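Dock chain B against chain U, hints included.
Chains as they are written, first to last, in the numbering used here: chain U, 1 to 260; chain B, 1 to 324.
Fair warning: there could be bad hints in the mix.
20 Å max Cα-Cα, derived EDC-like pairs, lysine to aspartate or glutamate [said to hold, decoys possible]:
{"#": "1", "chain 1": "B", "residue 1": "K120", "chain 2": "B", "residue 2": "E142"}
{"#": "2", "chain 1": "B", "residue 1": "K120", "chain 2": "U", "residue 2": "D208"}
{"#": "3", "chain 1": "B", "residue 1": "K120", "chain 2": "U", "residue 2": "D199"}
{"#": "4", "chain 1": "B", "residue 1": "K261", "chain 2": "B", "residue 2": "D307"}
{"#": "5", "chain 1": "U", "residue 1": "K249", "chain 2": "U", "residue 2": "E118"}
{"#": "6", "chain 1": "B", "residue 1": "K120", "chain 2": "U", "residue 2": "D64"}
{"#": "7", "chain 1": "B", "residue 1": "K161", "chain 2": "B", "residue 2": "D247"}
{"#": "8", "chain 1": "U", "residue 1": "K121", "chain 2": "U", "residue 2": "D68"}
{"#": "9", "chain 1": "U", "residue 1": "K249", "chain 2": "U", "residue 2": "D64"}
So these bits of chain B aren't anywhere near chain U, every CB distance computed over 10 Å [what the hints assert, rightly or not]:
{"#": "10", "residue": "P109"}
{"#": "11", "residue": "V137"}
{"#": "12", "residue": "G139"}
{"#": "13", "residue": "G157"}
{"#": "14", "residue": "V283"}
In case anyone wonders, no lab produced these hints; they're calculated from the structure. Just so you know, these numbers come straight off a predicted model, no measurement behind them. Quick reminder that beta carbons are idealized off the backbone N, C-alpha and C, glycines included.
Next come the chains, spelled out residue by residue.
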Amino acid sequence: MSLEKRTVVVDRAETLFQTSSRRNFLRVMGMGGALVLLPSVFAACDSDNDTGTGPSGSTTYTLDLSNDTGILNYAYALEQLEAAYYTAAIASAGFAALSANEQEVLADLQKHEVIHREFFKTVLGSSAIPTINFNTTTVGTLTANRTVLLSTSQLLEDTGVSAYNGAGKYLTSAANLLVAGKIVSVEARHAAAIRDIRDTTGRLFAGDDVVNAAGLDVKAEPGTVGAAVNSLNVINGTIAIGTQPDVNKKTADATAPTPT
Amino acid sequence: MDNMPIMDAIDPELVERLAARNTDIQRGGGARPGVVAMLALGSVPIALAALSKDAYGQGVSTTIKNVLDFALALEIFENEFYKAVLGRSNSAAQNAAFAPVRALATAVPGAVNTLDQIQKHEQAHVATLLASGATNVFGLTEASFDFTGNRSATGGGPFAKATTDLAFLLEVAQGAEDTGVRAYKGQAANLMTNSAVLEAALRIHSVEARHASRIRRMRRAAAGAPVSVRYSGTVRGGDATAAGATDLGTNAAAVTAAFNKIYGAGANATTAPSESNTTHAGVNVATLSGAAFGIDAAQEAFDEPLDRADVVAIVQPFFIPTIS
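Bound-form chain U, shown alone:
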């Protein structure tokens, strides 16, 4: 696949569900292209398998979001990311530069996210996607100092909140929705704590950049979250969506800005 970057403009998300245009889209996009329009659209070549070998020889982790198992696997993928990141973080140079009170936060987050990861792995059992392979070099870059450690942590936590808030409506089982609800409030507590560490105003914990004028927190569709995760470049491979969730439930995204 060419590394040439191209931009594809699609006027409707549904267009991508047509086989011909979807293949064309993928051919043009490769792994480094840009999609203009709905931020929630990204797709994969192999919708039949959980993993596959992508164009560059790296692994593609494909999610089928048409059912609860797929949505829980989506959460599992995010928890794998957070757990891997914080596990690296608490042994990093950035961590060493934190105060004891700040280290307590990162140490707590590492434990909570590993627990979330192992919880989903256990619940999903044989339906779980594989263990995601993370790039230790790029993860290391994102933990190298206090500034990047805290801004990356904020990004991950806000992304987690937005992902759960956007995915809850796709769950069909009340029990699964409850599990997601039990976790998302913990992610929101994390996000507020990290933001508060970086704050001098007393407002950033639930800042106007994440809570809108209607008092609503961030939310993002799975496609948006997947694209954001891929753009972090911390996975040896790509997260992809094989089957999209119910398009009739889709809503406009309200994502957190990249921390500065």
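Then chain B, alone, in the frame of chain U:
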């Protein structure tokens, strides 16, 4: 009908014009210029009302309306509480009552800004719920609350110390926020038939959790709260222990009993387990082989729901009228 006071207050032609392209927002096209213009003009309720016509449709089921009505009561309570703390209540008596603790808050960097940010959100939640079809079924006003927890216009309840002691005030605020988190979590399943309302509720739910986290951090940083009040803003333990309260005021038994309800199991411990619960979907997360961190982290990693009756039992002492 009686269920959309904000809508009633708006020129129908204006609403109709604003709602003209109502499929855009449902399909993810973003807010229309009319909504943006209203927000720019500062007319949040009008913008929300117009927005809600698009996002939530014309009507909601009885089940969903009951949840929205209940949520509205909780949000009015929270909003009026913070307004009184900040001296913004329409009740001069409430403003005067909280004047001593307000003065103490101004001496703590960021504290007043935090309370202001939270109050702004609670007020927005009230407007959003009204615009979503909720009704103020209990007829709540600023005069409906006794923040001392005595259901009396003259106060005198076990939480009176919150008006004069900042640490105690923050304990109470933390309890209110955590109650909100548990209340929304417990109602989510009742909203599943309306994905737009469910999503809005989830987005309010996480805001309440952010609030609770910040308050825990303020309490710990003030050096009065124990280590169990985590800087990560998460909840360790169950019952009153989970509050990490070090000052129980002049009626310790009543305050402890209240915190037991806020952080303990509800009447039905299966649907509303204690915050100390570590078993979720049949999996005990305290004994996961790949995550052997002990009981504290396992308790912190998951929050728990409360049923409606449990929430009513917690907040009723602060409401002068009877709620249900």
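Going through the hints against the structure:
{"no.": "1", "hint": "B:K120 to B:E142", "in the structure": "16 Å, holds"}
{"no.": "2", "hint": "B:K120 to U:D208", "in the structure": "10 Å, holds"}
{"no.": "3", "hint": "B:K120 to U:D199", "in the structure": "18 Å, holds"}
{"no.": "4", "hint": "B:K261 to B:D307", "in the structure": "12 Å, holds"}
{"no.": "5", "hint": "U:K249 to U:E118", "in the structure": "29 Å, violated"}
{"no.": "6", "hint": "B:K120 to U:D64", "in the structure": "39 Å, violated"}
{"no.": "7", "hint": "B:K161 to B:D247", "in the structure": "10 Å, holds"}
{"no.": "8", "hint": "U:K121 to U:D68", "in the structure": "14 Å, holds"}
{"no.": "9", "hint": "U:K249 to U:D64", "in the structure": "16 Å, holds"}
{"no.": "10", "hint": "P109", "in the structure": "7 Å, violated"}
{"no.": "11", "hint": "V137", "in the structure": "20 Å, holds"}
{"no.": "12", "hint": "G139", "in the structure": "23 Å, holds"}
{"no.": "13", "hint": "G157", "in the structure": "28 Å, holds"}
{"no.": "14", "hint": "V283", "in the structure": "5 Å, violated"}
Hint compliance for this structure: hints 5, 6, 10 and 14 are not met, and every other hint is.
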